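4 protein chains.
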Amino acid sequence: MSDPAVARALRDRETLGDPNALAALSRRYREVRRFTERLCEPLAVEDYVIQTMPDASPTRWHLAHVTWFFETLVLRKAYPDYRPLNQQFHYLFNSYYNSLGEQWPRSRRGLLSRPSVKEVYEYRAYVDRQVLALMEQFSRQSAQVAPIVELGLHHEQQHQELILTDIKHVLAQNPLFPVYRPRPGEESAEAEALTWHGFEEGLREVGHSGPGFAYDNEMPRHRVFLESFELASRPVTNGEYLAFMADGGYQRPELWLSDAWMVVPREDWRAPLYWHEVGGRWHSFTLAGLREVDPAEPVTHVSYYEADAYARWAGARLPTEAEWEDAARGLPLEGNFVESGRYHPAAGPAGEGMQQMYGDVWEWTASPYTPYPGYVQEPGALGEYNGKFMCDQLVLRGGSCATSMSHMRPTYRNFFPAAARWQFSGIRLARGIR
Amino acid sequence: MSDPAVARALRDRETLGDPNALAALSRRYREVRRFTERLCEPLAVEDYVIQTMPDASPTRWHLAHVTWFFETLVLRKAYPDYRPLNQQFHYLFNSYYNSLGEQWPRSRRGLLSRPSVKEVYEYRAYVDRQVLALMEQFSRQSAQVAPIVELGLHHEQQHQELILTDIKHVLAQNPLFPVYRPRPGEESAEAEALTWHGFEEGLREVGHSGPGFAYDNEMPRHRVFLESFELASRPVTNGEYLAFMADGGYQRPELWLSDAWMVVPREDWRAPLYWHEVGGRWHSFTLAGLREVDPAEPVTHVSYYEADAYARWAGARLPTEAEWEDAARGLPLEGNFVESGRYHPAAGPAGEGMQQMYGDVWEWTASPYTPYPGYVQEPGALGEYNGKFMCDQLVLRGGSCATSMSHMRPTYRNFFPAAARWQFSGIRLARGIR
Amino acid sequence: MSDPAVARALRDRETLGDPNALAALSRRYREVRRFTERLCEPLAVEDYVIQTMPDASPTRWHLAHVTWFFETLVLRKAYPDYRPLNQQFHYLFNSYYNSLGEQWPRSRRGLLSRPSVKEVYEYRAYVDRQVLALMEQFSRQSAQVAPIVELGLHHEQQHQELILTDIKHVLAQNPLFPVYRPRPGEESAEAEALTWHGFEEGLREVGHSGPGFAYDNEMPRHRVFLESFELASRPVTNGEYLAFMADGGYQRPELWLSDAWMVVPREDWRAPLYWHEVGGRWHSFTLAGLREVDPAEPVTHVSYYEADAYARWAGARLPTEAEWEDAARGLPLEGNFVESGRYHPAAGPAGEGMQQMYGDVWEWTASPYTPYPGYVQEPGALGEYNGKFMCDQLVLRGGSCATSMSHMRPTYRNFFPAAARWQFSGIRLARGIR
Amino acid sequence: MSDPAVARALRDRETLGDPNALAALSRRYREVRRFTERLCEPLAVEDYVIQTMPDASPTRWHLAHVTWFFETLVLRKAYPDYRPLNQQFHYLFNSYYNSLGEQWPRSRRGLLSRPSVKEVYEYRAYVDRQVLALMEQFSRQSAQVAPIVELGLHHEQQHQELILTDIKHVLAQNPLFPVYRPRPGEESAEAEALTWHGFEEGLREVGHSGPGFAYDNEMPRHRVFLESFELASRPVTNGEYLAFMADGGYQRPELWLSDAWMVVPREDWRAPLYWHEVGGRWHSFTLAGLREVDPAEPVTHVSYYEADAYARWAGARLPTEAEWEDAARGLPLEGNFVESGRYHPAAGPAGEGMQQMYGDVWEWTASPYTPYPGYVQEPGALGEYNGKFMCDQLVLRGGSCATSMSHMRPTYRNFFPAAARWQFSGIRLARGIR
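Chains as they are written, first to last, in this note's numbering: chain A, 1 to 434; chain B, 1 to 434; chain C, 1 to 434; chain D, 1 to 434.
Rather than coming from a laboratory, the hints here were simulated on the basis of the structure.
Incorrect hints may have been included.
Claimed, not checked - Covered stretches of chain C (chain D as the covering partner; in silico rule of three or more C-beta atoms under 8 Å from a C-beta of chain D):
id: 1; region: 38-47
id: 2; region: 234-240
Said to hold, decoys possible - Stretch-level coverage of chain B by chain C, calculated; a stretch enters the list once three of its residues show a Cβ under 8 Å from a Cβ in chain C:
id: 3; region: 65-75
id: 4; region: 174-182
id: 5; region: 248-257
id: 6; region: 398-412
To be verified - So these bits of chain D aren't anywhere near chain A, every CB distance computed over 12 Å:
id: 7; residue: 43
id: 8; residue: 108
id: 9; residue: 288
id: 10; residue: 293
id: 11; residue: 350
id: 12; residue: 388
All of these numbers come straight from a predicted model, not from anything done at the bench.
All C-beta atoms in this analysis are idealised placements derived from N, C-alpha and C, irrespective of residue type, glycine included.
Just chain A, with the same shape it has in the complex (with noise of 0.2 Å):
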């Protein structure tokens, strides 16, 4: 967890007596829960209750639990007379903090109608208004929570990136395809030619250190030994995936992980999540509707598994997690993100160098979610929020179309089990140079 880092970051800055942090804290706060809010417009009510897989969980809860999440980790540990709104939320909006207590189990999610969605509008705006008065107060109180405000925004922000994916797997369930957001403009392009950049082999340090927030699983920075390879360009297109599928991908088992190939027949698995074949075309559900698969587009909503099977086929690999930060290094942090308002991956610009690091999608790598060494994890609920996820999970790294750019850092490392595919994520490729 973040805390000691930010505790550290803010202690530099002399926060204890620094109204300015605080208060920008303030309006971070602010536009965070805003944004939630905002991202949750389009909706109809009937739509924050639904569950369509144990991995995704109902808008509401979404709302809900993020709220609980402020109110359990600064309103209880700031005000011991804490009285919350209603005694059970703190059962039924935990996730998975065993440390806290007992939990509302996550596949029954979808099995609760109330509260209803007001209430839990009502809910937030009970908790912003304390959390707020607090931080306002500049005490020595709300510069000691101020770390897990912080934490409890990031934390938020992931949950709107979740609040886009399992929103659409909802929509995408329903055979009338409905609409959450229209496409903004559309624009046409084709793919720039892929290419490949060679970096040299040598001791790295990769991870985060020094100020800024970063999550305890980024941490300690540390050494790493690479050897020299290859990295593609720019993530790899529908187009290119489509050549993939018609060389009879999905059906020559020499090219899948064990595991894999027995997922691929069992799931009859033969397109990315979300794609249909229409009237002898490959169309794609988006948060826009039902489209034809744009070639030049990145692939996205394949597993670890698909991509792995990808880039076999293409004759390379997947990037190992410390091959991606390298490469990472020193480019802009800009890209398609949420804050495009296109929900989806977009063709990337032409240009010189690694494009598309950041943004659009999730890039899958071949590096399972360990422990940096020297990690560290904490006592309490702040430990359980990365560190006992580490065991059979692959790392993805750059963010997506769906997440905010204020979230993203070069060391920030995703995780997801290998067959998931509901988030937008992709395959870049990499390569030994021999």
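Position chains B, C and D relative to chain A; hints supplied.
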């Protein structure tokens, strides 16, 4: 299906030329349809959407499906050029009629957030307008579809009952225990003593014949030989059932059918559905919220397995449906039906003779649901209404506190699988005479 | 359980003082036990161990369980100080008698490699010696247990049939298609034309009474009113069933019960169990290996679902068990039973009247397995023999090519769930008379 | 696959013209094949057939599969006109090589009673004769297949270990607790005190290079940067693990990975696999039968989840595989391997330095099983040997009491999923130096 019976009945009354009968049918159409919507008044939009088990459907789905029934079997038949509000509703709201095409899977009815509740009410209005217009023409066409309209109203009344039992299942999952409707003024009572009433052996007639609506599965009327038997004067009460529980009823395999004894430990059954032990006392979740179990009320939400085990424990058995129908002959058709607004079984009135044969709880019989001798299944969709379910289900008789009185008859056969508990099902004992 | 019936019967014959009856029982004991072992002669040790589905038990288990039955219900009762060969066998080989203690789970019978086959035969010999010694004492004690010995022999004969059907299931899973026993000299025949035989309406008696062994579920004899009906002269043949298949029988939902239509696509049923299409022609795996389907033989290894669908397709229905028993009255009890050594149904003989009512195939009836009016379940273990299975099963009548002739009676009620196919089950048609 | 490495090695030694090397390989072939059969001597025929979980195969299957490996990859390659003993064995005994065709499903290996055990031994002899004849020709052809024979022997040694762990799983299901082989003379010992050994930070080389057999997944040798670390002098003992259990280890979610905490309650884990509490004391089922847990022996049959939880409880962590390999550098390759005939871990010897790095128990590392930088998967079947399993598994190091000593190397990488417990897997602790 009732088609021929009703057709015959209406023809007998010279319906083809009888505007009065059609006007009465229109009136009844308005009433039944309005009553459905009245039952939904206490619901929040969120409540309409949830599906808590494959057997129970979202309210929204019920509202649309009963409308689909009129659209498909009345309007599409009457108007070859009928223009549906939405072509996909034909697929989305077909329950199980294979002869009418594919169906959206039953277990996935809760994955749809659209059409919205508002759109479903618009769908109802759209269809209502046209059905009523058709009925009010007094034409040859309206006379022809009249029996189907009649059937559709009985069908809707069945779904009214399911709306109540299914929403109860939804609300009961929620640890907030939401109240559907507060209970009207509470009376406390003591249960009448249970007495036994004897019936002579002999050849009897059971099943429906003559005028008046009945489902196809109630016909033809036929002869059955009954040995002499005795029937309990009233259903088993909560107090009696608590004695069974206190006597280790749920822990003694010798009381249970073999199939039952697989379910009891696997599902950890220790009491009827919706019962909770709170502070050492048994409570049950009702549509008026959680309340302490009233020993004078009939026990309800028990499966056939539990009814059978209870009867064995009590040294008795369940009646066959022929015995039940024989005993019900001549009794007034009145009781605690949905019209009482209680939505829960009530302690019975004092009185001689058979009590509470109608209303309060559906009474499990020992009779598997099979066709009557000479039963003929209709061709086409109407033949799918009842006939194809005649396997591995048990017959229940008499209606419950969630049944409309106008939907009940002495010959009415309800049916559910042996493990079903979410209906208002209860127990009446029988025994042979030695 | 037959206990009282047999006890009565034996008492009638003054068994207590009748050494002849006990000597006859000893003789029968030797014969039945020997026949069990004869059925196992073709098996390799490896064949005894395998369990291919929860419903089918390893041969070794059958051999031990029937022995356990005598040990537990005869020897332990007769000798308070009985010393078992192995204490744990009491647990390992109890099938489902809760009143006799815990049981090794049915679905895990194939996980045990010990006791070895040799040890199981030693167990049989150990028990046989003591049962025979007891019988040959002609004491009051031997007279008392005689009815249980009688029951145990019928029980063993049931398991003889299961040994054959279960080992068939084992061998059929194996792509090497091992042969159990080669078929004796092959005759080719044509099926007789199917004719219909009428039976008058009226009050009939069904069920067992009087002397002679019968299970408790065949009693008491009681009155049933039958409408007039017709019964087919012989079972449905493979040739007729092929016509049903060719007419799209397995693809037409309107022919199937609702439950059935969930199973057919899920299990991908396209033909009876054990049928394989090889080179464009249907073959079936028999205990004599894989052979081409003979159109003249009765179809077998069909579920109730298939029997019911076939009957609907043929414009007929299945008989009730009372109809079947009425029609069987007075017919000679002879047919293609296990004694023929054919272990497969055969084309029927020419002849007038009802043919093949006994032997060849168990005939599915339309009757759910329920207690006869006045049925009384015995207390204790014997009460568990039949009574607790009276739910969600269908009655079959007449015995099959795997049944011992001496195990059959007109009143015999076999029962299996609607989806079961691994028994030698077939179809006889019935219809009403209009 | 080892193919190129071995080929290179043999070529270096001028194998093509070196009858001595081929003669040595023949000798080793005889020895390894004979040892497999020696391991089966204690088994009854019934033991060969059983499959108790999908992960564990019947002994008979192992015996046939390793033979299939030689038949398919040596004989079929060497002799274009090779005549197999049975064509269907190619399908029945292929484990997971998609490039060699379809496979009989892994989870159904226990459903086959044929070919019989005797036939499988005949199959072994049939293939042995021809492999040995080929090797003894000293031809160009024998030189070419020699590396595959070498690989096949290592493959068979892997299956020797699985024969032991799988038959242990079979016998352990049986409440009779059958003994595989009595334990040789029992010594009692006390565990040595655990000490910590430090290793300096720096760039190290890990992986195999040079002559000598190694699997493809051990190559190429490559550089890794290690932070300084400490390693425990010996594996965790039963006594230490009992302290973890006594401290509520299995009840405290904060000690467990998130995935682990789903498994622990679901599977009701309270102790290592095969442990039973009898009369208030912990026993474990061993290949020598049930015996009381010896606190001095290394704990075994723990999953990665348990190893990780134990390490967290102990304030330590698991080593990475690079750390393990670094620490093992230069240690003598000796220990309690299968040759000891003990088939169970033993209390370690007294001594300075790292103890029991080899033998006794496979040591879980913190390293997910991934390809080494520059790893190249071979084309065809040999490429399926290791590469396709590089997902969601953890590396284990050092071999166990069921491993052949001649099968072990410092660079050897074993791998299993995090929940696997039926291997002889144990725990060695590591920690950073602060």
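Now for the hints, and whether the structure bears them out:
1. 38-47: n = 4 at 8 Å, threshold three: holds.
2. 234-240: With 0 residues closer than 8 Å to chain D, the region 234-240 of chain C misses the three-residue bar; violated.
3. 65-75: violated (count 0)
4. 174-182: violated (count 0)
5. 248-257: It holds: at least three residues are needed, and the region 248-257 of chain B offers 4 whose Cβ sits within less than 8 Å of chain C.
6. 398-412: violated (count 0)
7. 43: Fine: 30 Å to the nearest Cβ keeps residue 43 of chain D off the interface.
8. 108: Per Cβ check, residue 108 of chain D is outside 12 Å of chain A; nearest 15 Å; holds.
9. 288: Holds, since 34 Å exceeds 12 Å.
10. 293: The claim stands: residue 293 of chain D keeps its Cβ more than 12 Å from every Cβ of chain A (closest is about 28 Å).
11. 350: Holds, since 33 Å exceeds 12 Å.
12. 388: 4 Å, violated
Taken one by one, the earlier hints fail for this structure at numbers 2, 3, 4, 6, 12, listed in ascending order.
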